[in-house]
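Student: Here is how the chains run, residue by residue.
There are 2 protein chains.
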Amino acid sequence: MSTPDRTAPAAPETVTLFRNGYPESHHRVSAVVADAAGRVLHAWGDADATVFPRSALKPLQALPLLESGAADAFAVSDEELALAIASHNGLPMHVERVAAWLARLGLSTDDLECGAHPPFDAGATKSLYHDHAEPNPLHNNCSGKHTGMLATCLHLGLPTAGYSRPEHPLQQRILEVYAETTGTPAAAMPQGIDGCSLPAAAMPLAGLARAMARFAAPDDHFAADRAAAARRICRAWATHPELVAGPSTFNTDAMTLTGGRALLKRGAQGVYGGLVPDLGLGLAIKAESGSSIAADAMTAVVLRVLGVADETIWRRMTDLPYFKETSWRGLPAGEYRPVEGWPG
Amino acid sequence: MSTPDRTAPAAPETVTLFRNGYPESHHRVSAVVADAAGRVLHAWGDADATVFPRSALKPLQALPLLESGAADAFAVSDEELALAIASHNGLPMHVERVAAWLARLGLSTDDLECGAHPPFDAGATKSLYHDHAEPNPLHNNCSGKHTGMLATCLHLGLPTAGYSRPEHPLQQRILEVYAETTGTPAAAMPQGIDGCSLPAAAMPLAGLARAMARFAAPDDHFAADRAAAARRICRAWATHPELVAGPSTFNTDAMTLTGGRALLKRGAQGVYGGLVPDLGLGLAIKAESGSSIAADAMTAVVLRVLGVADETIWRRMTDLPYFKETSWRGLPAGEYRPVEGWPG
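Protein chains in written order, with the numbering used here: chain X, 190 to 533; chain R, 190 to 533.
No wet-lab data here; the hints were simulated from the structure. Even for Gly, the Cβ is constructed at its ideal location relative to N, Cα and C. Where hints are given, some of them may not hold.
[What the hints assert, rightly or not] Facing chain R, according to a computed beta carbon distance under 10 Å, are these residues of chain X, among others: (1) Asn209; (2) His216; (3) Gly459.
Isolated chain X, as found in the complex (with noise of 0.2 Å):
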């Protein structure tokens, strides 16, 4: 475990997958974590790194739904505001949900701009498949957060049509609060289009820390209406852990396994961002390679040594299956695990 050093960066934690025992694959990891004044406490590998957060900028994007009224004029529930920051999983909860929450705004499918892919939950796409039924873009990942800024939109006055492309009011309005809540000059972000087409932003990973320490602490460092949208997304986040990814996902059972002390948000291309809201801190990881299992093994890594994961929370996150290497008979073949700091 590496301790804090802003001199130079110090050295990625390397997950490794093991077969049998032997290196097979490996990832170099790096992770920052920062308290709301937007200090650095620990860092492994690069933490000026330009990252591109991907889906774990959710929780940021959701900001405008409730500072702008517009969650309480639709009165979006605690579950919709989960799902609007969600990743998830294309299951009956959450697509039915993300369902019913657009037919309550008088909008279609059709004026979701996610596009679809098949649901990320193997089960879900083989029951759709069953049903001679096609992927829709309710089954997307991102459908909540779509929803939601469909919302956002509608109570702003501002074109549905269109409201993922970077030029929309609502995406000008987003990059702002990036830049407010990371550090970050909007101007300094490089910009990209992200799976579900919308505008995906790069920063620092210690920015993207800092905005996660700053949901951690909203009294101490946001304006009154942006603590208090941060205090109900946070809340959402807790309690619905399965809502923001789903079954089997290290995102959900890490939090459940914590008891929503932690709340992770997963985005693709091995990307965490999180916070530790009794600890006031929060925390950003990226794998260089993009892997997934990486991230997630990165991130309970920090998880135990900030000690909300303590020895029987790590122990069960270590042993959770994904962390395995299976043949498709069922034989143990190996496991992922960081080089250091995982059970032997």
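With chain X's structure known, arrange chain R on it following the hints.
Tutor: Then chain R, alone, in the frame of chain X:
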């Protein structure tokens, strides 16, 4: 591009995912090109790194099928031989041929010890679920290899039950084949379990390249029986690239684009083995992260360096759709490319 350097490892090539031109994720990839005399002609990264070649070893695993006389006794076709070295995508063209071969042996799917997984091809999986069918061992990407092993056992009078276990005489024979062709003593090879529950051996990356090079010049480096077996495997490999993997895979597409000049075999966790018969060269590639797409990209680079991919082939290879990132709605979002050497 690096040049041969056997005193110090050359830098690994880095394959990067760029999002709108900005780097998002990186993969370090090692690669070796060797000749049949065992000389390393090109090396990127650590040529002596111990790697699990996984399914890149299938052409070696198929040698006993031919050397034992089983292939002749059971009138095994070139299509079936291609499937014996395949990691196929579970399309009907793969599954039906393996099923027919297995039936001709008087065996059934119950005899396959590879386990079941949904077809790698998403459309094939969709069709299966449309029909309310379940994946069975024929859909396993290794089903052809397992059928070839069963044929070998039948012909040699070895027990078929348990043919996949490390202590079975066929697996012991295959371990000797690895030693004889790669130049690595059997006792020096770490052993694990593969996804299909067969033994998985680890060996130096350069050893895999040397074994592949010997397939390219079999008469100079193998006894007559093995040389004949290697020639038949190469003939099947070159003439049925679509059976060795499947449509829309780099493994098959690259072989097709080179008109069969390059014989390529992917392995799980970012591995390729391959050869260029007319140059008498073998190649071996391993992405440190285990990324398939990074291994694909590096294979394209090696084929370019060797001149197997001329300017036209190179442009087509690098324009293949899976090297692009596209949003679910079809917007261009990014691309994978080696930092050096990819067309601008």
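Student: All hints, please: hold or fail.
Tutor: Hints, verified against the model:
The closest approach between the C-beta of Asn209/X and any C-beta of chain R is roughly 4 Å, which is under the 10 Å cut-off, so the hint is satisfied. At about 6 Å, the closest approach between the beta carbon of His216/X and any beta carbon in chain R falls short of 10 Å, and the interface hint on this residue holds. Because the beta carbon of Gly459/X sits about 7 Å from the nearest beta carbon in chain R, less than 10 Å, this interface hint is met.
Of the numbered hints given earlier, the model fails none.
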